[in-house]
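A.B. asks: In case you want the letters, here they are:
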Amino acid sequence: MPLEIDHIRKTYGKFPALGGVSLRAEDSEFIALLGPSGSGKTTLLRCIAGLEVPDSGSIRFRGESLLAQKVRDRRIGLVFQHYALFRHMTAAQNVAFGLRAKRGKERPNNRQINARVEELIALVQLDGLAGRYPSQLSGGQRQRVALARALAIEPRILLLDEPFGALDAKVRRELRRWLRQLHERTGLTTIFVTHDQEEALELADRVALLKDGALEQVGTPEELYHQPATPFVFEFLGDVVKLPCEIVDGAAVFAGARAKLLGGSLTRAGSGLAYVRPDAFDIVVGESEGLKAVLRDVVSAGASARLDCLFDGGEPIEIRAPHDVALQLKIGDRVTLRPREARVW
Amino acid sequence: MSVTDASASAKRWRFREPSALGGFWPSFSFVVLYLSIIVLIPLAALALRPWELGLEGVWRVVSSERTVAALKLSFGAAAIAASVNAVFGTIVAWALVRYEFPGKRVIDALVDLPFALPTAVAGIALASIYAPNGLIGAAFAPHDIRIAYTPVGVMVALVFIGFPFVVRAVQPVLADLDRDVEEAAATLGASRWRTISQVIWPAIAPAILTGFALAFARAVGEYGSVIFIAGNIPMVSEIAPLLIVIKLEEFDYAGAAAIGLAMLCVSFVMLFLLNGAHALMTRRGAA
Amino acid sequence: MSDKTPASPTRDPPWLKWTLIGVALFYVLVVLMAPLLAVFIEALRKGEAAFFAAFQEPAAFSAIQLTLLVTAIAVPLNTVFGLAAAWAITKFDFFGKSFLTTLIDLPLSVSPVISGLVYVLLYSIHGWFGPFFIDRGIEIIFAVPGIVLATTLVTFPYVARELIPLMQQQGTDEEAAAATLGAGPWRTFFLVTLPNVKWALTFGVLLCTARAMGEFGAVSVVSGHIRGLTSTMPLHVEILYNEYNFVAAFAIASLLALFALVTLGVKAVLESRFEAELAAAERT
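Sequence lines, in order, name chains Z, H and P.
Taking our numbering, I'd label the letters of the first sequence as residues 11 to 355.
Taking our numbering, I'd label the letters of the second sequence as residues 2 to 288.
Taking our numbering, I'd label the letters of the third sequence as residues 6 to 289.
Calculated from the structure, these hints are not laboratory results.
Predicted model, so just to flag it, every value in this text is computed and none were measured.
Heads up, some of the hints might be wrong.
Pairwise CB distance ranges, derived in the manner of DEER restraints [claimed, not checked]:
| no. | chain 1 | residue 1 | chain 2 | residue 2 | range |
| --- | --- | --- | --- | --- | --- |
| 1 | P | 178 | Z | 270 | 31 to 37 Å |
| 2 | P | 131 | H | 104 | 51 to 57 Å |
| 3 | H | 26 | P | 111 | 32 to 38 Å |
| 4 | H | 77 | Z | 176 | 34 to 40 Å |
| 5 | P | 275 | Z | 46 | 41 to 47 Å |
| 6 | Z | 135 | P | 74 | 37 to 43 Å |
| 7 | P | 131 | H | 73 | 26 to 32 Å |
| 8 | P | 85 | Z | 245 | 36 to 42 Å |
| 9 | H | 26 | P | 140 | 31 to 37 Å |
| 10 | Z | 132 | H | 104 | 49 to 55 Å |
| 11 | H | 73 | Z | 176 | 57 to 63 Å |
| 12 | H | 198 | Z | 304 | 50 to 56 Å |
| 13 | H | 60 | P | 111 | 23 to 29 Å |
In the SDA-like style, the derived pairs of lysine to any residue whose C-alpha atoms are separated by at most 20 Å in a straight line are [unchecked claim]:
| no. | chain 1 | residue 1 | chain 2 | residue 2 |
| --- | --- | --- | --- | --- |
| 14 | Z | 24 | H | 105 |
| 15 | P | 102 | P | 28 |
| 16 | H | 105 | P | 173 |
Derived, one-sided and incomplete: chain H residues facing chain P with beta-carbon distance under 10 Å [what the hints assert, rightly or not]:
| no. | residue |
| --- | --- |
| 17 | 17 |
| 18 | 43 |
| 19 | 52 |
| 20 | 56 |
| 21 | 109 |
| 22 | 143 |
| 23 | 147 |
Cβ atoms here follow ideal geometry from the backbone N, Cα and C, with glycine treated the same way.
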């Protein structure tokens, strides 16, 4: 087991940032620490790097305790959220810093350092920009310098704090794909922090979802998306419509319309609160079995359309439907909404 | 596993938050040692030595006519000089931030002259221009107005050394003040005067007060630039720091320390009050 | 309808603008320029020969020497102090930090005469520690060590005060990055922290030097004014002035004033550089 995080606890004054978090990472695994801001994900990352000292708990790498080691001895590469590049050094000097800081016999000679820097600059595709200062580079280029600098020390683990946070949408997408390829090439155990669920689901082998300093669920993107352990996980990974329902014979019933109950663990009968994705509705014009509503507005939003409805009770609801369905509807139509599938906790 | 069961609330009090960076203890101990030798132990001497005279003796020194006159002059002239600088310093800061005019950069650099010019140099220069036969003094002499060797001379010197404080306190605040806010006020139909009194003034008033307090604190203790122009006539133009020097020359160390301590106490009370006023102003500004 | 464009609500009318500029210029002229010019005019009043004669005197020469010696001791001490204080205060969180910061500013609001007085109270023959040193043949008050101590006290905040706000603003990310890359505290300090504050440090040292060379009140109290022995340049100016040797007094004074002007010039240059650098840092 390369990395074992065990019951890490950390408080700032009275604020509990981490309340006993345990997590394991396999060799070459790519893990996302996902969560809203203030959930403790960056604190956990900084604990692993050694920049924060946890109040209690242990972090072990291949059996040896990391907490007993100084930051400089841990050999854990960290890419800071705002990169923290040395502003008075060129890109190449930034990358070389960790190599020059090595002590005794480990320190390569100048020729080796130069060769290694050149190699890394090429790896992060910054050829020709090695002599530039951070202020002369774009956000995406700085990000890659920071990555090359972290990789230069041949880290045992690579940590990335909101690696795409400060970049615009297009650069972000490119870098994301490139980072995934890089990970496949280097095979380095990598943990990255993000608040963007799409990023986490697309990139990571496994996602650890944090809330208020505790892990809500750890699993593959598929597990998180299809088998959310808590309402929080379900809500964090997408839009949700919450509706009251009756549970009869293992199905959720909405005003006579039956919907499949997902998750399968729930068997109790009675009334409950159903969590439904906005795109999991069948829409029928006119009145029949199901939730009756009036269509107030149709907004074309990308791949699907947003339908703005008003229940007969006066409650508004927003759902999504494919464009061809939406085209058959007129504003003011009376419609019946039937959830196809729902989750109840 | 090395899990401790201590709950978060039972976390031990720590002198220092743990950090990844090194070098705290060497630098911290050096700083404390240095401060002790250079500041703390000497100040302790100032706080303790006067009491060799006994409570009554200290009171006799501090309440003597000559001491009271000197303290009044030092604090009074400092307050007037700081007020003059509050008014003109704000105008200078305004001109430097808001307008373009020839020589602006030179003026801006010159503002700090009183910081950089040795006080004794300023002192003899001021004495020479404000003397009855000096550049400026000569203009006033025919009207029987004397500046050098009077309390007015003391004030002139204190205006000089207090000059940079208000300018340097107000300048950044004015520069930071968003033109947007003023424009917004204008689009809302506010007159220029209303904009100044309700938008600009509340923003810069605390800075002016800060500058005033700094200029005042500096002026109260000023020595070098004052003694040449003051004439140093006991009860008339003799400042408190000079009285300390005189006591020292008479080897009356406890008496000198008593006056020094009295000066410090009055200064701290006034700075405390000014800080309170500042806090009040900024709080209202924030509300 | 009138054709006159209404006055812009955020622009001051020209009459007000020029009045304010006029008042500001007049104030600067009378308060700042007049004394500065007076120094040079008075120094050259009796011609160049008299001016240069002032520097030939042995007492003047030894005053310059003593000033340089005192500055050469006080400034490096305060520079090391300033760096250590800024490192401890800006890169760490500890109990009593704001108290320490306040303490550093203290000498700025204490009269220089009091700064001298406190050392007399400690090290003169009637002082707490004075007899101890005097018994061992070490004179502190009315001697060079006292002048060094007093100068150090008066000038010690300057380096720290320049560094602390800048280092606070720069935060600890770069130092943390250096640590994760395997650098120790010294390496981090010299290769990462120091280059980031080099201009502020230069400026702080310059200011400290200017104040140290020109300190008068505190030094005057502890020096005893022994001509040729414990007289620094400002004290020598005072002695000459009180002897009505005005040309010589102003000649020495003009040297100090010249150094003050150089300080201001360098400061102006550094600040414009600073602005460019800070702007670049903000873009990062």
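A.B. asks: Can you name, in rising order, the numbers of the hints this structure does not satisfy?
C.D. replies: 1, 3, 4, 6, 8, 14, 15, 16, 19, 20, 22, 23
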